[in-house]
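K.L.:
Start from the sequences, fold in the hints, and give me the full structure.
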Amino acid sequence: MGTLAEEILGAPAGEYVDRRVDRAYAHDGTGVLAREAWLSIGTGAFPDPDHRYLIFDHIVPANTSLTADLQKELRVFARQQGMHLSDVGGGVCHQVMAEGYALPGEVIVGADSHSCTLGAFGAFATGVGATDMAGIWATGETWFRVPETTGVFLDGALTGAAAAKDVALAYVSALGMDGATYRALEFVGEGAGGLSMADRLTLSNMAVETGAKAGMFYADAVTREYLAGFGHAVEEQTPVDGYRQEVTLDLGDIEPLLALPPRVDTVCPVAEKEGLAVDQVFLGTCTCGRYEDLEAFARIVRGKKVTVRTVVVPASRAVLTRAASTWVLPALIEAGCAVGTPGCGPCLGAHMGVIGEGEVCLSTANRNFRNRMGVGGEIYLASPQTAAATALAGEIRSPEGCL
Amino acid sequence: MKGEGHAVCLGRDIDTDLIIAGRYLRTKDRSVWAAHVFEDLDPTLAGRLAGAVIVAGPNFGCGSSREQAAVALKEAGVVAVAAPTFARIFFRNAVNIGLLVLECEIPCHEGEAVRFDLDEGWIEAGGTRRPLRPLSPRMREILRSGGLVPYLSGGHG
Chain A
1 MGTLAEEILG APAGEYVDRR VDRAYAHDGT GVLAREAWLS IGTGAFPDPD HRYLIFDHIV
61 PANTSLTADL QKELRVFARQ QGMHLSDVGG GVCHQVMAEG YALPGEVIVG ADSHSCTLGA
121 FGAFATGVGA TDMAGIWATG ETWFRVPETT GVFLDGALTG AAAAKDVALA YVSALGMDGA
181 TYRALEFVGE GAGGLSMADR LTLSNMAVET GAKAGMFYAD AVTREYLAGF GHAVEEQTPV
241 DGYRQEVTLD LGDIEPLLAL PPRVDTVCPV AEKEGLAVDQ VFLGTCTCGR YEDLEAFARI
301 VRGKKVTVRT VVVPASRAVL TRAASTWVLP ALIEAGCAVG TPGCGPCLGA HMGVIGEGEV
361 CLSTANRNFR NRMGVGGEIY LASPQTAAAT ALAGEIRSPE GCL
Chain B
1 MKGEGHAVCL GRDIDTDLII AGRYLRTKDR SVWAAHVFED LDPTLAGRLA GAVIVAGPNF
61 GCGSSREQAA VALKEAGVVA VAAPTFARIF FRNAVNIGLL VLECEIPCHE GEAVRFDLDE
121 GWIEAGGTRR PLRPLSPRMR EILRSGGLVP YLSGGHG
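Protein sequences appear in the order of chains A and B. Sequential numbering from 1 applies to the first sequence in the numbering used here. Sequential numbering from 1 applies to the second sequence in the numbering used here.
A hint or two may mislead.
Facing chain A, a subset of chain B residues (Cβ under 7 Å, in silico) [stated by the list, open to error]:
1. Asp15
2. Gly22
3. Ser65
4. Arg138
5. Val149
6. Leu152
FYI, nobody ran anything at the bench for these hints, they're computed from the structure. All values reported here derive from a predicted model rather than from experimental measurement. Note that beta-carbon positions come from the ideal geometry of N, C-alpha and C, so glycine has one too.
P.N.:
Given below as structure tokens:
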């Protein structure tokens, strides 16, 4: 028996395999070029449209005539091919897929680097570019090199103000930005089993920040229960015995962390940067835009007022709907947050919430590359809890005193 | 598949946001990407890329899956990109659009002539010859076809 990646891809690490893709998805960013490439392939074949998804999340709603025209073309294309279409307001592609469109053991490919998010379900889920997606649209399959696997062993349980995002920053820091290039990560151990589905999605999401092509959890009772909520009955997966541990983290030791600009792997305790003034706080994205993240943030700002501009973008319509049906959304709005359309929001600096030169944003996203959210701006990455404490203070603040 | 060009030296972990910023993605006009390639890293770089072999540090092309990054380099006239390791999505994208990517360890001196032969598996600069890590047979075939689109429309797959 091999690693989860080897089991799902059906070959030992290092081999090249052709695999049918169980589900494939693209968004309004990568879909444009994928459509062009598919048309250029010219065979007209589009197998299995029932498992192909086009999800509008990057620039939603459209901001210019040019964007609107590109989106219009894509919308027409998706309908012609009979793909699932999640239009403006549906949410970030990875979260939309995480709401019942990703199952253990599947091969899932997304035309976005953070497609590794869906590894949280015990699927082999990975990101590709536009032309690879066009090839999958045209043939139903693609090639993979079966990856070697780095085991991330999680012990214990989170305590205090520490969150899954802090664990994600800790393992990215431990491995480095290319520590798992060409490899897969598997999150195992007692600590992994104790994490909620939302927490697992946060951890799997950031696997690509270490260069990994996948970041997987074994499907267990937590996975089964979550997917049962979407009408799926799934089997649990058996972890490999004698798993090779390469990174070990005791969740009980994790404290609130920050990734400093411009590298995701330059990480320090929030406490070391307390007092640094910020201009914007951003809560959202495929990393930390789920209901649990909004709730954790809202619990801290409830009944208070944020003192810097704070942008909240729920990861999906389902997240927004749930937040609207509880105390969470009213608490966020009353605290002074600007709530945006479900989607990627300002994460990639292409639309809304862009920061100005010399401005600092504390964000719950996954990347803090130079100029990513706006030319001359700096991005600190942190958990929703740290984002909330920071939004109240107007400067970087650990959430430890807020609980 | 061989070629040569002048070396343009870059550091490690060059991300795809630095290759082409998110603000330039909303178009199908490839000349826009070529015009703004590496703008946030060094605005003078775009003008020096025609006929260049980029010799970069490890993890070239990390970050976003945006294929525009590979397309921008090709459109700007880059002959090949050499680096000890590449982020895997960028690597696939490059092969898929017919941009040569060379996995190797080679010292870089700005402007110096770099030669390579993918079939024979070597790269040479400043009198030093180093081996290239071989591509998989599939990737070689895709590159030889000029990319995945011509590969698939030519009857493969």
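K.L.:
Next, verify each hint and record whether it holds.
P.N.:
Hints, one by one, checked against the model:
With a cut of 7 Å, the hint placing Asp15/B at the interface with chain A holds, because the nearest CB-to-CB distance is about 5 Å. At a threshold of 7 Å, the smallest CB-CB gap from Gly22/B to chain A is about 4 Å, leaving the interface hint in force. Interface restraint check: Ser65/B against chain A, minimum CB-CB distance 4 Å, threshold 7 Å, status holds. With a cut of 7 Å, the hint placing Arg138/B at the interface with chain A holds, because the nearest CB-to-CB distance is about 6 Å.
Residue-level restraint check for Val149/B holds (minimum Cβ-Cβ distance to chain A is 5 Å; threshold 7 Å). The criterion of a C-beta within 7 Å of any C-beta in chain A is met by Leu152/B, whose closest approach is roughly 5 Å, and the hint holds.
Violated hints are absent here; each numbered hint is respected by the structure.
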